[in-house]
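If you're matching them up, the sequences are chains L and X in order. So that you can map any letter, position 138 of the first sequence is 137 in numbering that gives the first Met the number 0, and since no number is skipped, the others follow by simple counting. So that you can map any letter, position 316 of the second sequence is 315 in numbering that gives the first Met the number 0, and since no number is skipped, the others follow by simple counting.
Each hint should be verified, as a subset may be incorrect.
Which stretches of chain X does chain L cover? Using the computed rule of at least three CB atoms under 8 Å from a CB of chain L, they are [what the hints assert, rightly or not]: (1) 120 to 132; (2) 185 to 193; (3) 214 to 220; (4) 325 to 333.
Heads up, incomplete: computed chain L residues facing chain X, CB under 8 Å, no partners named [said to hold, decoys possible]: (5) 102; (6) 222; (7) 223; (8) 230; (9) 274; (10) 285.
List time: in silico BS3-like cross-link candidates among lysine-lysine, alpha-carbon distance up to 27 Å [stated by the list, open to error]: (11) X:241 - X:6; (12) L:178 - L:97; (13) L:178 - L:276; (14) L:291 - X:181; (15) X:219 - L:97; (16) L:97 - X:6; (17) L:187 - L:291; (18) X:2 - L:97; (19) X:241 - X:219; (20) L:276 - L:291; (21) X:241 - X:2; (22) X:181 - L:187.
Derived from the structure by calculation, the hints contain no laboratory data. Just so it is clear, CB atoms sit at the ideal spot from N, CA and C, and this is done for glycine as well.
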Amino acid sequence: MDLSSFLLQQIINAIFLGSIYALIALGYTMVYGIIELINFAHGELFTAGAFIGVIVLTALQQMGWVETHFVLTMIIVFAMAMAYVAVLGVAVEHVAYKPLRTSSRLSALLSALGMSIFLSNGMMLSQGVSDRPYPQVFGIEGIEFMGARITNGQIFIILLAIALMVGLQLFVHRTRLGKAMRATAQNKTMARILGIDIDQTIRITFMIGPALGAAAGVMVGLHYGAVRFDMGFIFMIKAFAAAILGGIGSIPGAMLGGLIIGSIEVMWAAFLPSAWKDVTTFTVLILVLYFKPAGLLGESSAEVRV
Amino acid sequence: MIKQELKKLVVYGFFLAIILIPMLGFKSSTFEPGRAFKTLGVFLAILVLNIVVKAIRSSKRAVSVQKTPWTERMGKQINRVPRIYSIGGLLALALAFPLFADNYMIDVGITCLIYVCLGLGLNIVVGLCGLLDLGYIAFYAVGAYTYSLLNLTFGLSFWSALPIGIVLGMIVGCIIGYPTLKMRGDYLAIVTLGFGEIVRLVLNNWDSLTAGPNGLFGMKRPSLYYPGFTEDGFEWMVYYLKSLPSLYYFILGIAILTIIGVRRLDNSRIGRAWIAIREDEVAAELSGVPTTWIKLLAYALGAAFASVAGAFFAAKLSYTNPNFFLFMESCIVLCIVVLGGVGSIPGIVVAAFVLIAAPEIFRGLENYRMLAFGAIMTTMMVLKPEGLIPASRRRRELHEDIETTSKD
C-alpha cells in the first residue's frame with residue numbers, strides 16, 4: 000500500500016469516526032443549547048444504547064432474521080435502542096435535572112454526575128465488567144478504490160449517520176416543535192410568555208439527544224464488535240471536545256467538530272504513537288476552550304454569558 | 000399528602016421497571032427474570048427511600064413550619080457539649096483506636112484518613128471556591144509519583160521529598176487552573192476531567208520514567224529521626240514507620256494538620272474571598288477581590304493537600320501504579336464532599352469515614368458501592384444540597400427562615 004492510498008484509507012476512517020462523534024456531540028449541543036448544562040450522563044446513555052442494540056440484535060440473530068430480513072433487523076435494532084434510550088433520557092432529566100432547575104449550577108452538575116456514575120455502575124452490575132461481543136452482521140466485503148477500502152458496514156453507518164443528522168436539521172428548522180426548541184434556547188422566559196411549554200420542550204430535547212447517542216452506540220458496537228460498560232467515558236470526552244470545537248449550542252458546529260476530532264485522532268494514530276492519541280484529543284479540547292471558547296461556528300453569546 | 004407521594008411512587012416504580020428490566024434481565028439473549036428483579040429491587044429501594052424522605056419532609060412542612068429538622072436539633076444538642084470535650088473525646092478515640100483494633104481495621108482507618116485529607120483538599124476547590132474539579136485525583140497521583148521517583152532515583156527521604164511534592168503539586172494545580180480561570184462551571188468540570196485523564200495517561204505511557212502500567216515499587220516508608228547516643232557520640236537514628244499502627248498515627252497527624260489548616264483558611268480573609276467568588280464572581284471582583292489569584296490559590300492549595308496525601312499513600316504501600324488514579328477515585332472524593340456538606344469540615348470527616356468504611360463493613364454489597372455513591376450524589380443534591388452536617392454559613396444561606404444559634 001503506497002502513501003496516497005494509505006492516506007485515503009485514513010481519510011475514510013476519519014469520516015467514519017467523525018460521523019459517530021458528531022452524532023454523540025449533537026446530544027450534548029442540543030441539551031446545552033436548551034438548559035445550558037452539560038448532560039454528564041450522555042456517555043452512559045450512549046452505552047445503554049449500545050447494550051440494547053446487542054441484546055436485540057443477538058435475539059434477532061438467533062431467530063435467523065439477520066439472513067432473511069436484513070434491513071428490517073437493522074431498523075428494529077436501531078429503533079429499539081433509540082426508543083429505549085429516549086425514555087431513559089427523559090427519566091434522567093426528571094430525576095436529576097428537573098428538581099434542580101432553579102438551583103445553582105454546581106448542584107445541577109453534581110446531580111448529573113451522580114446520575115452518570117449510577118448509570119455506568121448499574122450497567123456494570125447488570126451487563127458484567129467484560130466486553131460484550133456484538134454479532135458481526137456485516138462481512139468484510141466492501142468497495143475498493145485506489146488501494147483503499149471501505150466496508151459495507153462503514154458505508155451503512157456513515158449513510159445512516161448523515162440521514163439522522165439531516166433529519167435532525169429538518170426537525171429543528173421545519174417543525175413546530177423544532178421552532179419551540181429554538182425559541183426556548185434563545186430566551187426561556189420569553190418563550191414561556193408566548194405559550195411554549197418549556198418542560199415539554201426540555202423533555203423532548205432529552206429524548207432526541209440521547210436517542211442520537213444511542214444510534215451512535217449501536218454503530219460503535221457494530222463496527223468495533225464489542226461493547227463495554229465504561230466505553231461511554233472516552234466517547235463522552237471526545238464528543239464533548241467535538242461539541243466545544245464546533246461551538247456548543249450549534250448543530251452544524253457539532254457535525255464539523257466531530258469530523259475534525261475524528262480526523263485528528265485517526266491521523267495521529269496513523270502517523271504518531273497511538274498510545275498518546277487520547278492525550279491529543281484532551282489537549283485539543285483544552286486549547287480550544289482557552290483560545291476560542293465560542294468554538295468555530297458558535298455564537299459569541301456563549302462567551303458573553305459568563 | 001402521603002397518599003399523593005405513594006401514588007407518585009407507584010407511577011415511578013412502574014416507569015422504572017419498564018425502562019430497566021430489559022437492561023437488567025438480558026445478559027446474553029436469554030431473559031433471566033431473577034437477576035432482573037434482584038437488581039431492580041436495589042433501584043426500587045433507593046427510589047422508595049427517596050420518596051419516603053420527601054414525604055416526611057413535606058408532611059413536616061405542612062404540619063409546622065417553625066419546627067426545626069432533626070439534624071438541626073441534634074446539632075444544637077451537640078453544640079451544648081463544650082467544644083473542648085467533644086473534640087478531646089474524638090481525639091482520644093482516634094488515638095486509642097489502634098489499641099483495640101486489629102490490623103485490618105487499622106488499615107481501613109488509614110484509608111479513611113487519607114480520604115479525609117483528600118476530601119478536605121477538594122473542599123477548598125469545590126466547597127469554598129465553587130469550582131467543580133473532576134480531575135482532583137491527578138494531584139494525588141503527582142504527590143505519589145513525586146515521592147516514588149525522588150526516593151527511587153535520588154534516595155531522598157520522605158521528609159525531603161515532601162516539600163518538593165507539595166511545590167510540584169501546586170505547580171500542576173496552577174497549570175490546570177490557569178487556562179480554566181475564565182471558564183464557567185461546566186466547561187471547567189470537563190477540562191479538569193480531561194486534565195486528570197492526561198496525567199493518568201502520561202503516567203501510563205511514559206515507560207522510561209514511570210515504568211508504565213507496571214508501576215513503581217520499593218519506596219522507603221516514612222521515617223522518623225531521633226537522637227541516639229552511640230559509642231562514637233551523638234547521632235541521629237532513623238526509624239522507619241513500618242507497622243500499621245505507626246503509619247496510622249502518622250496519617251492521623253497529617254489529617255489533624257489538614258483539618259487545622261483548612262479551618263484556618265476557611266476563617267481567613269482568603270476563605271471569605273473564596274466564598275464570595277462561589278456566590279457571585281462578578282460581585283466579588285467588583286468588591287476588590289483579586290479573583291484570578293484567589294482562584295489559582297484555591298487550586299494550588301487544594302493540590303498541595305492532595306499531594307501530601309499522595310506521597311503518604313505511595314510511602315505506605317511502597318508501591319504505586321497509574322490505575323490507582325482513575326476517574327472513579329475523583330468521583331469518590333467528590334461524593335465525600337457532597338455527602339458531608341459542601342464547605343463543611345466536620346461533615347467531610349464524617350462522610351469520609353462513612354463512605355470508605357461502610358463498604359468494608361458490608362463486604363457482600365461491595366459491588367453496589369459505586370452505584371450507591373452515584374445515587375447518594377444525585378439524591379443529596381436534589382433533597383439536601385447542604386449535606387449531612389451543613390457548614391453553618393451555608394445552612395443559613397439555604398434556609399434563611401431557620402434561626403441558627405451557633406456562631407460562625
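To see whether the hints hold, each was checked on the structure:
no.: 1; hint: 120 to 132; result: holds (count 3)
no.: 2; hint: 185 to 193; result: holds (count 7)
no.: 3; hint: 214 to 220; result: violated (count 0)
no.: 4; hint: 325 to 333; result: holds (count 4)
no.: 5; hint: 102; result: holds, 7 Å
no.: 6; hint: 222; result: violated, 21 Å
no.: 7; hint: 223; result: violated, 19 Å
no.: 8; hint: 230; result: violated, 13 Å
no.: 9; hint: 274; result: holds, 5 Å
no.: 10; hint: 285; result: holds, 6 Å
no.: 11; hint: X:241 - X:6; result: violated, 58 Å
no.: 12; hint: L:178 - L:97; result: holds, 22 Å
no.: 13; hint: L:178 - L:276; result: violated, 39 Å
no.: 14; hint: L:291 - X:181; result: holds, 11 Å
no.: 15; hint: X:219 - L:97; result: violated, 52 Å
no.: 16; hint: L:97 - X:6; result: holds, 19 Å
no.: 17; hint: L:187 - L:291; result: holds, 26 Å
no.: 18; hint: X:2 - L:97; result: holds, 22 Å
no.: 19; hint: X:241 - X:219; result: holds, 9 Å
no.: 20; hint: L:276 - L:291; result: holds, 22 Å
no.: 21; hint: X:241 - X:2; result: violated, 59 Å
no.: 22; hint: X:181 - L:187; result: holds, 25 Å
The structure shown violates the earlier hints numbered 3, 6, 7, 8, 11, 13, 15 and 21.
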